[in-house]
Every structure is written in structure tokens, then in C-alpha cells.
Amino acid sequence: MHLTAQLLISHGRMYRRMGLGPRSRVDMLRCLLTALVRHERIETTLARADEMRGYAEKLVEHAKRGDLDTRSMELADFWLTEKDLIPKLFHVLSARFRDRSGNYVRMREIRNVDGTDRARLAVIEYRGNPLPPLPSPRPSTGKANGLLNQLLEGLRRDAAGPGPGPGP
Numbered sequence: 001m002h003l004t005a006q007l008l009i010s011h012g013r014m015y016r017r018m019g020l021g022p023r024s025r026v027d028m029l030r031c032l033l034t035a036l037v038r039h040e041r042i043e044t045t046l047a048r049a050d051e052m053r054g055y056a057e058k059l060v061e062h063a064k065r066g067d068l069d070t071r072s073m074e075l076a077d078f079w080l081t082e083k084d085l086i087p088k089l090f091h092v093l094s095a096r097f098r099d100r101s102g103n104y105v106r107m108r109e110i111r112n113v114d115g116t117d118r119a120r121l122a123v124i125e126y127r128g129n130p131l132p133p134l135p136s137p138r139p140s141t142g143k144a145n146g147l148l149n150q151l152l153e154g155l156r157r158d159a160a161g162p163g164p165g166p167g168p
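Per my numbering, residue 1 is the first one in the sequence shown, and the count goes up by one each step.
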């Protein structure tokens with residue numbers, strides 16, 4: 001095979017191109033991972049959340065080894081830009097996922113509410129966080145799923161008049 005043909009083959013080492021280059025991509029992922037460890041739930045674009053998910057899983061997987069493991073400490077020191085979060089990673093998150101073997105991060109696509117940007121948004125969070133749960137996505141079956149549809153349905157029932165009350 002010629003040298004030029006070998007240079008055109010990617011060999012599976014393709015990443016999403018986010019930002020201005022590889023260094024910009026890594027810096028963005030570091031900031032997102034730091035925010036995820038600090039807040040345990042963040043909202044970002046779907047592509048960024050999908051790209052960050054594997055790194056968040058690996059960070060917790062290495063943190064479960066303990067803070068005495070040098071490789072784990074080096075990874076935490078590199079990926080977390082705020083060094084005060086390293087104890088939280090090793091003592092809070094690793095203790096939470098001690099009995100779990102993978103699947104530490106949940107990602108859910110959400111609707112774009114402002115309408116100005118067409119980027120698909122997602123919420124990414126650590127499982128078992130103390131925040132209130134996200135509403136589960138429901139398939140649209142034509143029934144009153146959204147809040148506006150529920151309010152309109154209640155208005156129609158009130159306008160129709162008093163119906164039979166609740167049973168005894």
C-alpha cells in the first residue's frame with residue numbers, strides 16, 4: 001500500500017470536531033466534566049453530552065480504585081479543573097457507585113424551549129444524585145401530555161359543566 005493511501009485511513013481514531021482544534025476540545029470536555037462533578041446534573045448540547053459521557057464513566061471507574069492509586073489521582077487532577085472537587089470524586093461519588101459496575105451516568109434528550117437555536121439539547125447527570133428526578137419522556141399519543149394540554153383539558157371540563165363527582 002502506498003504511503004498516501006495509508007494516511008487517508010482513519011483506523012477508528014475519529015472524534016467529534018468541537019471547538020477550534022484538539023486542545024480546544026479537551027479544554028471544553030474538562031470544563032464540562034468539572035461542572036458535572038460539581039453540580040451532578042448539567043444541561044448541554046446532545047453532541048457534547050454524548051462525547052463527555054465516556055469520560056465521566058471512566059473518571060468514576062478510576063475513582064473507585066481509591067485516592068491512593070497514582071493513576072486515578074493523575075486522571076482526576078487532569079480532568080477536574082477545580083481541585084477542590086477531587087475529594088468529592090473520591091469520597092462521595094466513588095462511595096455512591098461502589099456496588100455498581102458501570103452505567104454511572106444518565107443522559108436524556110430535552111426539548112429546545114427558546115426556539116432561537118436548533119441544536120439538540122440534553123441533560124446529563126450522575127445516577128443517584130440528590131436533585132429532584134427529571135420528568136420521564138412520554139410518547140405523544142394525542143392525549144393530554146404537556147402542561148398546556150392538561151390545562152386546556154381542565155378548562156374544557158369546567159366549561160362543560162359539573163359532571164358526576166368522584167365515587168364514594
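Read the hints as simulated data drawn from the structure, not as lab findings.
Everything numeric in this text was worked out from a predicted model, so none of it was measured.
Among the clues, some could well be false.
[To be verified] With a straight-line cut-off of 16 angstroms between C-alpha atoms, the simulated EDC-like cross-links for lysine to aspartate or glutamate are:
1. 58 <-> 77
2. 83 <-> 67
3. 83 <-> 99
4. 88 <-> 114
5. 58 <-> 69
6. 88 <-> 51
Evaluation of the provided hints:
{"no.": "1", "hint": "58 <-> 77", "in the structure": "14 angstroms, holds"}
{"no.": "2", "hint": "83 <-> 67", "in the structure": "13 angstroms, holds"}
{"no.": "3", "hint": "83 <-> 99", "in the structure": "26 angstroms, violated"}
{"no.": "4", "hint": "88 <-> 114", "in the structure": "34 angstroms, violated"}
{"no.": "5", "hint": "58 <-> 69", "in the structure": "14 angstroms, holds"}
{"no.": "6", "hint": "88 <-> 51", "in the structure": "23 angstroms, violated"}
When each numbered hint is compared with the structure, violations occur for hints 3, 4, 6.
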